[in-house]
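There are 4 protein chains.
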Amino acid sequence: LARADFKFFHGLRVRWAEVDMQQVVFNGHYLMYFDVAVMEYWRHLGFNYPKDLVQTLSCDSMAVKSVVEYHQPAKFDDWIEVGVRCDRIGNSSMHYCLEIHRGNEHLISGELFYVVVDAQHYRSTRVPEAMRQRFRDFEGTSLIE
Amino acid sequence: LARADFKFFHGLRVRWAEVDMQQVVFNGHYLMYFDVAVMEYWRHLGFNYPKDLVQTLSCDSMAVKSVVEYHQPAKFDDWIEVGVRCDRIGNSSMHYCLEIHRGNEHLISGELFYVVVDAQHYRSTRVPEAMRQRFRDFEGTSLIE
Amino acid sequence: LARADFKFFHGLRVRWAEVDMQQVVFNGHYLMYFDVAVMEYWRHLGFNYPKDLVQTLSCDSMAVKSVVEYHQPAKFDDWIEVGVRCDRIGNSSMHYCLEIHRGNEHLISGELFYVVVDAQHYRSTRVPEAMRQRFRDFEGTSLIE
Amino acid sequence: LARADFKFFHGLRVRWAEVDMQQVVFNGHYLMYFDVAVMEYWRHLGFNYPKDLVQTLSCDSMAVKSVVEYHQPAKFDDWIEVGVRCDRIGNSSMHYCLEIHRGNEHLISGELFYVVVDAQHYRSTRVPEAMRQRFRDFEGTSLIE
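Chains as they are written, first to last, in my numbering: chain A, 764 to 908; chain B, 764 to 908; chain C, 764 to 908; chain D, 764 to 908.
Bound-form chain A, shown alone (with noise of 0.2 Å):
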């Protein structure tokens, strides 16, 4: 994937609690900066977490896997620009890219793989066509069904 694969980036700045002795953002925090993306991804398309899932729909999301690949690293104070891409919709699962940049340099790739569950029983429900549509509009044909 390249930047210009992202039609949706979040911008964040690294905070000081984030960045570890090794000055730079602890590992385990990119997972962090990823949702926060991924709602704001959501939010972008007119679809707002909890209240248009739960709420509306009776559903939930929750992660089943994530990846997360470290090019280099974020440091305090960095502006980074969090890409985020939902490229795969099965019945009920959904496949996202992301990318994290700063300025021109690619710093880490990820992704992230959620299942959509019934918000009563925790359940594997398909993604409701309502959502489907959201991905669709604004992803185009690059979206696989």
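Since the hints were made in silico from the structure, they are not lab data. All clues given are correct.
Copies of one chain are not kept apart here, so a pair can be met inside one copy or by any two copies together.
With a straight-line Cα cutoff of 30 Å, these simulated BS3-like cross-link-like pairs (lysine-lysine) come out:
| # | residue 1 | residue 2 |
| --- | --- | --- |
| 1 | Lys814 | Lys838 |
| 2 | Lys814 | Lys770 |
| 3 | Lys770 | Lys838 |
| 4 | Lys828 | Lys838 |
| 5 | Lys828 | Lys770 |
Start from chain A and add chains B, C and D according to the hints.
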């Protein structure tokens, strides 16, 4: 207060992710250590959170004020001991003194002010007698009610 | 203090990972918000941490005491504004007042006490004149020295 | 892998601040548990980080990739055990398998890929023999070099 004023200590090891670029524990994380230690103090008194408070007594507790004084920093991999002592219970309020020690060194002092609320409307309510008795039994005459 | 007593606010959105099972921001995380906001306050005054303090002036700052008062909790996805004001500078000490607001609601009050130290031995030293001037210029006569 | 494939487990209790509104550990925090457990694994093998790597051997280690699979969530106050096993050492790379168990339940699987770098320029360098020997002694013939 001195170390001998605490009947309860909870030990823990400082984690890599909790230490910042100054090579010391980030100042906000001591409140997390306090929170962990108060839970363990309650457990030690035979009162498990949230079961024995929320489920059994339909109450909850909320922090209303916290104070942290930083004498010396804790560092990566330090084994530290967090002393907890409930020294005052008002009508709906509880006051805790806390200290963090590393061997003979007194690193941190703190105070936590909690209020007990009913679990339904989160309005302040009298600290339940079943809870008071646990503190009286453990702290003895040093507990002010 | 009232909202009008603050000339500087830093806005941020509450993250999912910062909210606990009581559906409110974990009480310790407000100190992280304070830390972020103080850094932004310094940046706003043209004084970037750590460069302008550690590299240029061979000093550093350390928290010596923090106080947080919890009036109302911040919740997931809230847009909150953290007001920062340096109101007293002693020989080596600095005192900040902080407030967190959500729209018209005043959620949190706090205080931070820092001491300036030389960057080599971490012994307290006089707050550098270059730093004082930044605060004087911004806070005006309300700053007590 | 099965529980019996791990010779080392590090136990820890889930903290209140680590649990989110879904009443489960936030998905990013498992990487922090992994990090803590790898440090304890090294300690168990008689190799203390950072002293025995950075000071003694002038090397450091950096995460290059991490994978987390979420089978079942850990919850507040759970006592969980994090299994760690170094199963492959390349020229400059190390690969770890990790699993988190709660009693008989297998909650989480993970992998960590590290690279050893020289502590001065952070360029990849051969995993030092003194370190390899520790892993060989502990993991025996199951370690692939």
